[in-house]
Amino acid sequence: MNKRYFFGLVAIFAVLAACAFDNNVNAQNIRRCSTNNSNNLLIIGLTADQRLVCFREVNPGRASVIGPVTGLSGDSALIGIDYRVQDGQLYGVGNAGGVYRIDTGSGAATFVNNLTVALDGTSFGVDFNPAADRLRIISNTGQNLRHNVNLGGVTINDGTLTYTAPPASPVAALGVTGAAYTNNDLDASTATTLFDIDSTMNQVVIQSPANNGLLAATGKLGVDTSDVVGFDIYSTLQGAITVDNEGFAVLTSAEGISLFYSVSLLTGRATLIGGFGVGIQIVDIAIPLNQR
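Anchor point for the sequence shown: position 195 equals 223 in the working numbering, and the numbering is continuous, going up by one each time.
No wet-lab data here; the hints were simulated from the structure.
Quick reminder that beta carbons are idealized off the backbone N, C-alpha and C, glycines included.
Hints may contain errors.
Cβ-Cβ distance ranges computed for the label pairs, FRET-style [said to hold, decoys possible]:
1. Val-182 to Leu-214: 18 to 26 Å
2. Pro-96 to Ile-234: 29 to 37 Å
3. Ser-62 to Thr-98: 16 to 24 Å
4. Val-199 to Ser-62: 45 to 53 Å
5. Asn-178 to Gly-99: 19 to 27 Å
6. Thr-192 to Ser-62: 39 to 47 Å
Take the sequences, apply the hints, and build the full model.
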């Protein structure tokens with residue numbers, strides 16, 4: 029074991045040892061999950077054992093349980109979550125293709141509609157396009173779906189995820205499992221860009237055009253991650269228009285250890301913020317809108 033690797037492990041376990049996961053669903057936890065009582069961003073997380081949790085961006089080790097995900101119909105688990113700009117609600121996608129609104133006070137799910145294209149993969153990225161009001165779903169097999177969550181909405185099977193710039197490849201890009209759009213506002217003049225995390229290449233990529241699935245790398249994470257990735261972008265608004273975008277991700281090691289990072293969208297670099305405690309695995313995150 030080289031010294032750099034050894035001291036890296038020491039740092040990680042020191043972070044984990046300081047983490048205390050609060051499993052009690054009570055009034056104190058509800059206050060912690062409010063967006064109104066802190067200058068630090070509130071993050072909502074989905075755990076591998078299907079609980080909804082919340083934590084502050086500066087202290088993921090103090091994550092609080094909101095409640096178990098309940099109310100799924102035809103699905104046994106959620107594969108991803110995101111906030112929809114058009115109504116400010118949290119949505120989730122089930123492993124059998126159900127789409128739900130999620131109560132962030134309890135974890136209760138309300139059925140919205142179904143994907144009309146079957147999911148293909150074992151790990152997924154889920155995010156709303158704020159300009160088109162469509163739900164993007166990508167997977168570790170290169171699947172690239174676009175879904176309309178409105179009544180009667182259907183799913184479009186867009187172009188398979190592939191790289192077009194060096195190292196270009198005509199085959200599907202495998203391991204792209206985190207997805208997040210920039211500029212989460214309702215201004216008609218605002219464009220948006222889709223960023224993904226490629227867990228095989230350990231890098232951030234731009235997916236553009238998103239419907240074509242074409243990928244171009246922006247930079248390496250500097251972290252080895254499994255395909256269990258939670259990724260979201262928070263947009264700061266002034267006068268209802270985005271003035272800043274901040275990337276955040278939960279990256280999970282091959283050993284199942286989840287750590288929370290800030291992510292530079294320009295360079296791809298991930299900077300460690302903290303961990304969630306031993307045995308706690310976060311599979312996706314979603315950041316409530318309009319916090320600052």
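Do the hints match the structure? See the list:
Between Val-182 and Leu-214 the CB atoms are about 23 Å apart, so this pair conforms to the stated range of 18 to 26 Å. Look at Pro-96 against Ile-234: about 36 Å separates their beta carbons, and that is inside 29 to 37 Å. For the pair Ser-62 and Thr-98, the beta carbons lie near 21 Å from each other, so the given range of 16 to 24 Å is met. At roughly 46 Å, the beta carbons of Val-199 and Ser-62 sit within the given window of 45 to 53 Å.
Against the hinted window of 19 to 27 Å, the Cβ-Cβ separation of Asn-178 and Gly-99 comes to about 20 Å, which satisfies the hint. At roughly 44 Å, the beta-carbon separation of Thr-192 and Ser-62 lies within the given 39 to 47 Å, and the hint holds.
Hint compliance for this structure: every hint is met.
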